[in-house]
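*Asks:* Listed below, chain by chain, are the residues.
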Amino acid sequence: MTSEAKDVEGETADGRTIAVVSAGLGQPSSTRLLADRLASAAVDALRGRGVEAEAVAVDLRDHAHQMVDAMLTGFTAGALRDAVDTVVGADGLVAVTPVFNASYSGLFKTFFDVLERGSLDGMPVLIGATGGTARHSLVLEHAVRPMFAYMRAVVAPTAVYAAAEDWGSGRSGGVDGLSERVARAGAELASLVAARAPAAARRDAADADPYAHPVPFERLLASGGQ
Amino acid sequence: MQFGIFSVGDVTPDPTTGRTPTERERIKAMVTIALKAEEIGLDVFATGEHHNPPFVPSSPTTMLGYIAARTERLILSTATTLITTNDPVKIAEDYAMLQHLADGRVDLMLGRGNTAPVYPWFGKDIRDGIPLAIENYHLLRRLWREDVVDWEGRFRTPLQGFTSTPRPLDGVPPFVWHGSIRSPEIAEQAAYYGDGFFANNIFWPKEHFQRLIGLYRERYEYYGHGSADQAIVGLGGQVFMRKNSQDAIREFRPYFDNAPVYGHGPSLEEFMAQTPLTVGSPQQVIDRTLQFREHFGDYQRQLFLMDHAGLPLKTVLEQMDILGEEVIPVLRKEFAALRPAHVPEAPTHAALVAAARAKAEEGEAAR
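Quick mapping for you: the protein sequence lines, in order, are chains R and X.
Numbering-wise (UniProt numbering), the first sequence opens with residue 1 and increments by one.
Numbering-wise (UniProt numbering), the second sequence opens with residue 1 and increments by one.
If you are wondering where the hints come from, they were derived from the structure by calculation, not from laboratory data.
Just so you know, even glycine gets a beta-carbon here, dropped at the ideal spot from N, CA and C.
Hints may contain errors.
Where chain R lies over chain X, by a calculated footprint (3+ residues, C-beta under 8 angstroms) [to be verified]: (1) 176 to 189; (2) 256 to 268; (3) 317 to 330.
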């Protein structure tokens, strides 16, 4: 039932795509592991609603150099360009970072810093983080959630933090374990994704490309260019 | 097809020696480069305009007026004139004055400028960049085309009964190019007026500029100035050449690695693959430049950036010798052979005067 996010670019013909961004550095990475579990939960919950979806992994470690280059040159190139297109063109996003110095990692932030303004408008996002102790779990609420709110993404209510001890503990004393939190968060993302028109259909309907549909000059002139 | 040089006018330390030229040396070097441009048979020299260090050219018409006095054929231009923070009245006056002094060898390229603090230094706000470019240019056009202007707008003091002097030479304003790196509004503006559009074409991948130029060409036709392939397009380019391409790469690499804008980022090889930068033999530069035509269509003006990143003047002049001897003659021949008859040349003052006369005579005949 649970399957790892595919490591290939692509999009199912009539289904939805969930981009799975992981800023984990290790290989294997507990951050990627959490990201995959969140993605699987969302894909399963979508299937429960009769919506086919595919998870596509974006491991930021693979694009580390190109992300710094993009910061300096102002354009994204090569494999990073494909990763950005995958994320921006997805129907939903799972974004998971390790906690470094009481916040998201620099690598995680840099990826979202090189996106064009407006790239994530209205994007359903499920956020997660990993760390050594549970004491940093509010990083999701004071750092990650505000960043996506600023980017005008729609963040699912449940954010999932996995500390080292979570990987070995179940539900206890009326408190949900990691599995229950993952399932609930996945269902929330599925609900947001299912409620939105597929990305492919939105692209066809939007006509928002300013290069394909410029504002006529008389209107620019009349409105003082605004 | 016109070929030329455009200079940003940055004062940058030479990374191989650590030496930084003085402002005087840099300003004089720009003039030397302009004079060299005429000597090697180029058509255009264009200077940047900046109002913050480490750049020297804050006063383009002062520099271009001096160069005008020491040249015979060279067209003097800008890259770019700040249409946002300059008063359009002063632009109208300065460039009409330059036109008279240079016997019409003047055009200019308008740009917005992307340095946020410069705007408030001139009483403006960068968030108004596009509205400023649109309103100021509309006024500039009127100042050059109407002897007496009444005007009221959002950004400057109203004008009542104002005459900009001197009037444009032969009653024909300088040709205007609009330069933009990313704004579809500016491509739309250039198309609307039938002006030229210049894509700096350096630093970014060609796909980006293809979209901008494609939009400009399409809208040029929409507004009735001619077919899309008759629109007036200019491109930048950045090259460094030696007889053997490996020597060019070895010599240019420290300048590339430490350059403003892209230094300390991608490797020289990556940047060459991603952007139009060409470091290699003269033949490689010829081949790459001819590719621009395949990417962007037949175009009218090619400007090269040669004097940045701290390259010493001596090296820049050597580069220009190679350009003039081995590259430009071949490019002129090839571009001319490839260009269809219905695609126009870049407008010169003489051509614009002839066109204005023809139009006036047509009007008389109709009456």
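*Asks:* Take the hints in turn and mark each one as holding or not.
*Replies:* Structure-based check of each hint:
Beta-carbon proximity to chain R at under 8 angstroms applies to 5 residues in the stretch 176 to 189 of chain X; the threshold of 3 is reached and the given coverage holds. Figure legend: the stretch 256 to 268 of chain X, annotated as covered by chain R; annotation consistent (6 residues with Cβ-Cβ distances under 8 angstroms, at least 3 required). A count of 0 residues in the stretch 317 to 330 of chain X with a Cβ less than 8 angstroms from any Cβ of chain R is obtained; the coverage claim is therefore unmet, three being the minimum.
When the structure is compared with the earlier hints, a violation turns up for hint 3 alone.
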